[in-house]
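J.: Protein chains in written order, with the working numbering: chain Z, 1 to 252; chain B, 253 to 614; chain A, 615 to 917.
Bear in mind the hints are in silico, worked out from the structure with no lab data behind them. Quick caveat: nothing in here was measured; it's all calculated off a predicted structure. In this text, a Cβ means the ideal position worked out from N, Cα and C, and glycines have one as well. Don't take every hint at face value.
Said to hold, decoys possible - Looking from chain Z toward chain B, a few residues come up when the C-beta cut is under 8 Å (computed): (1) K65; (2) G66; (3) V78; (4) R84; (5) L92; (6) E93; (7) L95; (8) L103; (9) R106; (10) R109; (11) S111; (12) V117; (13) A120; (14) D164; (15) T206; (16) P214.
As the list claims (entries may be wrong) - Taking lysine-lysine and the BS3-like style, the derived pairs with C-alpha atoms no more than 27 Å apart in a straight line are: (17) B:K578 x Z:K139; (18) Z:K139 x B:K255; (19) B:K550 x Z:K152; (20) B:K255 x Z:K137; (21) B:K550 x Z:K141; (22) Z:K137 x Z:K152.
Stated by the list, open to error - Counterexamples of contact, computed for chain Z against chain B with all Cβ distances above 12 Å: (23) G17; (24) D22; (25) R34; (26) A58; (27) S59; (28) I119; (29) R222; (30) V241.
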Amino acid sequence: MQSPLLSVENVTVSFDGFNALDGMSLHLMPTSIRVLIGPNGAGKSTLLDTIIGNVRPASGRVVFKGEDITDLNEYKIVRRGICRKFQAPGTLENLSVEDNLNLAARPRRESWRSFGVGIASQVRARVERVLERTGLKEKRKSLAGQLSHGQKQWLEIGMVVSSDADLLLLDEPAAGMSLDESAQTAELIRSLSSDHSFLVIDHDMTFVEQLDAPVSVMHMGRMLKEGSLNEIQRDPQVISVYLGREKEVAVA
Amino acid sequence: MKKWLSLSLDIALLAALVAAPLYLSAYHLSLLGRFLAMAILSLGLCLVWGWSGILSLGQGVFWGLGAYILAMHLKLAALAPGDMPDFMMWSGLDHLPGWWTIFRHPAVALLGVLIVPTIAAAGLAWLVFNRRVSGVHFALITQALALAFATLLVSEQAYTGGFNGLTDFTTLFGRYIVDPSFQRSLYWITVVALTAAYLFCRWISHTNFGKILLAIRDGESRTRFLGYNPAGYKMIAFAIGGAFAGISGALYVLHVGVISPAMVGVVPSIEMVVAVAVGGRDSFIGVILGTLLVNFGKDWISSAMPEMWQFGIGLLFILVVTLLPKGLAGIPELRGQIAARFRRSAGAPALEAQTLAITQKN
Amino acid sequence: MGHLVVFAGQIFNGISVASILLLTALGLALSFGLMNVINMAHGEMLMVGGYITYLTCRFVHGPGAFLLALGFSFVGSALLGAVLEVTVIRWLYGRPLDTLLATWGVSLILQQGARSLFGAIGVDVVAPPWLSGSVAIGRGPLAGLTLPSVRIFIIVLTIVVFALLLLFIARSRAGLFLRAVHQDREMAQALGVNTRWVDLLVFAAGTGVAGLAGTALALIAPVTPTVGQSYVVYAFLVVIVGGLGSLLGTALAALLVGLFSAGVQMFTSVSLADVLLLVLVVVFIQFRPRGIVFRRSRVMKEA
Numbered sequence: 001m002q003s004p005l006l007s008v009e010n011v012t013v014s015f016d017g018f019n020a021l022d023g024m025s026l027h028l029m030p031t032s033i034r035v036l037i038g039p040n041g042a043g044k045s046t047l048l049d050t051i052i053g054n055v056r057p058a059s060g061r062v063v064f065k066g067e068d069i070t071d072l073n074e075y076k077i078v079r080r081g082i083c084r085k086f087q088a089p090g091t092l093e094n095l096s097v098e099d100n101l102n103l104a105a106r107p108r109r110e111s112w113r114s115f116g117v118g119i120a121s122q123v124r125a126r127v128e129r130v131l132e133r134t135g136l137k138e139k140r141k142s143l144a145g146q147l148s149h150g151q152k153q154w155l156e157i158g159m160v161v162s163s164d165a166d167l168l169l170l171d172e173p174a175a176g177m178s179l180d181e182s183a184q185t186a187e188l189i190r191s192l193s194s195d196h197s198f199l200v201i202d203h204d205m206t207f208v209e210q211l212d213a214p215v216s217v218m219h220m221g222r223m224l225k226e227g228s229l230n231e232i233q234r235d236p237q238v239i240s241v242y243l244g245r246e247k248e249v250a251v252a
Numbered sequence: 253m254k255k256w257l258s259l260s261l262d263i264a265l266l267a268a269l270v271a272a273p274l275y276l277s278a279y280h281l282s283l284l285g286r287f288l289a290m291a292i293l294s295l296g297l298c299l300v301w302g303w304s305g306i307l308s309l310g311q312g313v314f315w316g317l318g319a320y321i322l323a324m325h326l327k328l329a330a331l332a333p334g335d336m337p338d339f340m341m342w343s344g345l346d347h348l349p350g351w352w353t354i355f356r357h358p359a360v361a362l363l364g365v366l367i368v369p370t371i372a373a374a375g376l377a378w379l380v381f382n383r384r385v386s387g388v389h390f391a392l393i394t395q396a397l398a399l400a401f402a403t404l405l406v407s408e409q410a411y412t413g414g415f416n417g418l419t420d421f422t423t424l425f426g427r428y429i430v431d432p433s434f435q436r437s438l439y440w441i442t443v444v445a446l447t448a449a450y451l452f453c454r455w456i457s458h459t460n461f462g463k464i465l466l467a468i469r470d471g472e473s474r475t476r477f478l479g480y481n482p483a484g485y486k487m488i489a490f491a492i493g494g495a496f497a498g499i500s501g502a503l504y505v506l507h508v509g510v511i512s513p514a515m516v517g518v519v520p521s522i523e524m525v526v527a528v529a530v531g532g533r534d535s536f537i538g539v540i541l542g543t544l545l546v547n548f549g550k551d552w553i554s555s556a557m558p559e560m561w562q563f564g565i566g567l568l569f570i571l572v573v574t575l576l577p578k579g580l581a582g583i584p585e586l587r588g589q590i591a592a593r594f595r596r597s598a599g600a601p602a603l604e605a606q607t608l609a610i611t612q613k614n
Numbered sequence: 615m616g617h618l619v620v621f622a623g624q625i626f627n628g629i630s631v632a633s634i635l636l637l638t639a640l641g642l643a644l645s646f647g648l649m650n651v652i653n654m655a656h657g658e659m660l661m662v663g664g665y666i667t668y669l670t671c672r673f674v675h676g677p678g679a680f681l682l683a684l685g686f687s688f689v690g691s692a693l694l695g696a697v698l699e700v701t702v703i704r705w706l707y708g709r710p711l712d713t714l715l716a717t718w719g720v721s722l723i724l725q726q727g728a729r730s731l732f733g734a735i736g737v738d739v740v741a742p743p744w745l746s747g748s749v750a751i752g753r754g755p756l757a758g759l760t761l762p763s764v765r766i767f768i769i770v771l772t773i774v775v776f777a778l779l780l781l782f783i784a785r786s787r788a789g790l791f792l793r794a795v796h797q798d799r800e801m802a803q804a805l806g807v808n809t810r811w812v813d814l815l816v817f818a819a820g821t822g823v824a825g826l827a828g829t830a831l832a833l834i835a836p837v838t839p840t841v842g843q844s845y846v847v848y849a850f851l852v853v854i855v856g857g858l859g860s861l862l863g864t865a866l867a868a869l870l871v872g873l874f875s876a877g878v879q880m881f882t883s884v885s886l887a888d889v890l891l892l893v894l895v896v897v898f899i900q901f902r903p904r905g906i907v908f909r910r911s912r913v914m915k916e917a
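Working from the sequences, and respecting the hints, build out all of it.
T.: Below is the structure:
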């Protein structure tokens, strides 16, 4: 049997006595998509924070490619092949679109190896493909700060994609996008899933449906249910958790 | 168009500096020389503050290290072999301490000027940035460093010359410092050093390193989540700033012939930042011009109305920081921004943007 | 006199230095925690307090003059702080480094103003008769130790001000607003808290307390145009060690810094004590980069 790319094992995270994650576990196979849903405060973003090292768990561990990465520095985790898109747009405002992507795509990230002027050709090619797919080709020379909100969102996704990481963590990638755009995003994610694994948080059930992937439901810092979207939507426990809070699930 | 403009500005400035001995009096040329030496420090601050977002209020320390090391060499060169500086004898020392004697050799002194400030800056940066202490905290720590450095220099009179510092130099590499021909070569050396520093900065700004500095300035944790370790980049930037400061200090000592704790403490360190803020913290040419402007201004005002200088520089600081955060270099951009604002307030486009935002939300 | 007496005397000195540091640092810590603003002109609030004390004691006589001076210093510095907040700091919201620089400009102007008005040489405030004596310990292991009344007064004043401030924050309505804004500015705003007023109030209160520190300082040292500048650097270190806007942390840090300086000065010179203090702070942040008191929360590190 294939070993998982990522294993989150029994992780607990507490903020001032409140357990944002409470014995959370999750396993993710290589080249697969997993959607993470759950009511507000379920601990979805905290889970991504823990995986990428932004938050240190009180107990439990995170294993990536068979290696314990729980206590590594964020940048070291990223260099091992995980990249994350945050909820708030985090593009680098005073760099051009192209440079944003270049920085995300460069494999040599140590400070003493950054004194070159050019960009390696395979990085350039990858950035070129991303520019194409995200529709930012015309904007390549504009500063990221001058983009519209939607374009920033695409750039952000583009940065994560061009990092060529094995595991991509996307926190609400389709937020603020039009129906068309979110369909495109879903398609982009699906097409890339032949080489990469995705862990996607989103509330938008249309988008989740388009991703066509197994869904994990979190509640109170724990895994509540895993299964296909269909199974999840019929599950009485899930319905009771969501009832009156997030009508999308019940309606969809 | 813009590239062409900036290039011609560079060339014009360089031409003006090269031709300066033709149109400036000896007095003003000597002033210009020492301010150009300060401009090297400003270029370092530009990289550190303007490009990396690290505000250092202790740049006087690294400047002072370079200055004192060269001053020690000059002091030793002015003595007969076996003699000791007078202040050491007054303080009751009976022999030169070892860390003084090594700087008797010119090569060691020059190396010291380069290496000691660089290592000091790198060491501090490594300790502080690795713990993710930055911003306001870092500014305050560097200010405390400037205070501690100046107090230490004053109190360790036996080794540093105390409050009066080091002065009465005669020769450098066997040439008499007061000699007009030496002063002229010193001016040229300063111009060359500044040009080299400027070109170095321009090169840095084109490397990936320079872009990553900007990225760290704008979004430190975002950059970290792209797999870069900001501490390493900031440390290198800060070390470059330290090296520039050291070179600047050494040249300055040659120009003025004295170094004392009053020149390296909290207030001078802040004045270095003022010059950079006035010129435009992230513009290399801007900070050079700002340094010249502020220092000539200081020279002029403090000789005409000494009381007014502090009022003047205080007010200048408030106005530049609040109204012109990009300094003088930001003025051309400012005009564009104001024009854009007028266009926007002229009606329809604003509404359009609003509707767009709404449709995107749904 | 035994070693113990010298040692106890030094500790007492350390605590009194820590008291003035705490009075100075409280305002810094409050406005830093609330608005992420460091006011470089904070030291000049001390200076202003000192000069107000000097003027009051010159023109008003009688036993109550000094207490009146305390009140004047607080009000005067608080007003000056309010003016500073409205004219400069408010406009630089969200640009902490620029605020730092602009307020430095203010500090230069205030210093030069004091120099033009009072001269560069310091003025002396004569402590009122009821503070000019000292308390001598006659018996026990500490026999022979004398504690100057002014220093006892400074310590008591600090304890009272600190307690009042804690009470104000914990019990008053304005204190409630303050805590709300401190936790979540936008949420508080949405709930109808006038954050501008809270900022202004807190800033003015902080500078007022610094004015009190100036009065206290005037009792033990001459008031000079740069008196604040020399003190405020240590207050900054106290804020760094204390942690983001935590009053308890600030108090602990002030005590730590005060005792450390007093202790080290027994063995070395004042200037070396300065250097060692800085080394201590740099070493300290290796272990607690966010200060003595730090609360984990999720909002801290969103990219």
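J.: Evaluate each hint against the coordinates.
T.: Status of each hint after checking the structure:
Taken as an interface hint, K65 of chain Z does not check out: its beta carbon lies about 15 Å from the nearest beta carbon of chain B, beyond 8 Å. Because the closest C-beta pair between G66 of chain Z and chain B is about 20 Å apart, greater than 8 Å, the hint is violated. Here the hint on V78 of chain Z is kept, as its CB sits about 4 Å from the closest CB of chain B, short of 8 Å. Nearest Cβ of chain B to the Cβ of R84 of chain Z: about 6 Å, under the 8 Å cut. The hint holds.
For L92 of chain Z, the shortest C-beta to C-beta distance to chain B is roughly 5 Å, which falls under 8 Å, so the interface hint holds. Look at E93 of chain Z: its Cβ gets to within about 5 Å of chain B, closer than 8 Å, so that hint holds up. A hinted interface residue such as L95 of chain Z counts as satisfied when its beta carbon comes closer than 8 Å to some beta carbon of chain B; here the least separation is about 6 Å, so the hint holds. Taken as an interface hint, L103 of chain Z checks out: its beta carbon lies about 6 Å from the nearest beta carbon of chain B, inside 8 Å.
Proximity of R106 of chain Z to chain B holds as hinted, the smallest CB-CB distance being about 7 Å (cut-off 8 Å). At about 5 Å, the closest approach between the beta carbon of R109 of chain Z and any beta carbon in chain B falls short of 8 Å, and the interface hint on this residue holds. At a threshold of 8 Å, the smallest CB-CB gap from S111 of chain Z to chain B is about 4 Å, leaving the interface hint in force. For V117 of chain Z, the interface hint holds, the least distance from its beta-carbon to any beta-carbon of chain B being 5 Å, beneath 8 Å.
Using the Cβ-Cβ criterion of 8 Å, the hint placing A120 of chain Z at the interface with chain B is not satisfied: the shortest such distance is roughly 10 Å. For D164 of chain Z, the shortest C-beta to C-beta distance to chain B is roughly 11 Å, which exceeds 8 Å, and the interface hint is violated. Checking T206 of chain Z against chain B by beta carbon gives a least distance of about 13 Å; that is not within 8 Å, so the hint is violated. Interface restraint check for P214 of chain Z: the shortest CB-CB distance to chain B comes to about 26 Å, outside 8 Å, so the restraint is violated.
Taking the CA atoms of K578 of chain B and K139 of chain Z, the gap is about 25 Å. The hint holds against a cut of 27 Å. Under the criterion of a C-alpha separation no larger than 27 Å, the hint pairing K139 of chain Z with K255 of chain B is consistent with the structure, at around 20 Å. Between K550 of chain B and K152 of chain Z, the direct Cα distance comes to roughly 46 Å. Violation of the 27 Å bound is thereby established for this hinted pair. With a C-alpha separation of about 23 Å, the suggested pairing of K255 of chain B with K137 of chain Z holds against the 27 Å cut-off.
A threshold of 27 Å between alpha carbons decides the hint, and for K550 of chain B with K141 of chain Z the separation of about 42 Å lies outside it, so the pair is violated. A distance of roughly 13 Å separates the Cα atoms of K137 of chain Z and K152 of chain Z; the hinted pair therefore holds under the 27 Å criterion. With a closest Cβ-Cβ approach of about 24 Å to chain B, G17 of chain Z is found to remain outside the 12 Å limit, as its non-interface label requires. Its beta-carbon lying about 25 Å from the closest one in chain B, D22 of chain Z satisfies the requirement of being farther than 12 Å from that chain.
Against chain B, the non-interface label of R34 of chain Z holds: every CB pair exceeds 12 Å, the least being about 20 Å. The claim that A58 of chain Z is not at the interface with chain B holds, since no C-beta of that chain comes within 12 Å of its own (minimum 21 Å). The beta carbon of S59 of chain Z is kept farther than 12 Å from every beta carbon of chain B, the shortest such distance being approximately 24 Å. Non-interface status of I119 of chain Z relative to chain B is broken: a Cβ of that chain comes within 12 Å, the nearest being about 8 Å off.
The Cβ of R222 of chain Z sits about 26 Å from the closest Cβ of chain B, beyond the 12 Å cut-off, so the non-interface label holds. For V241 of chain Z, the requirement that its beta carbon stay farther than 12 Å from each beta carbon of chain B is met, with the minimum near 26 Å.
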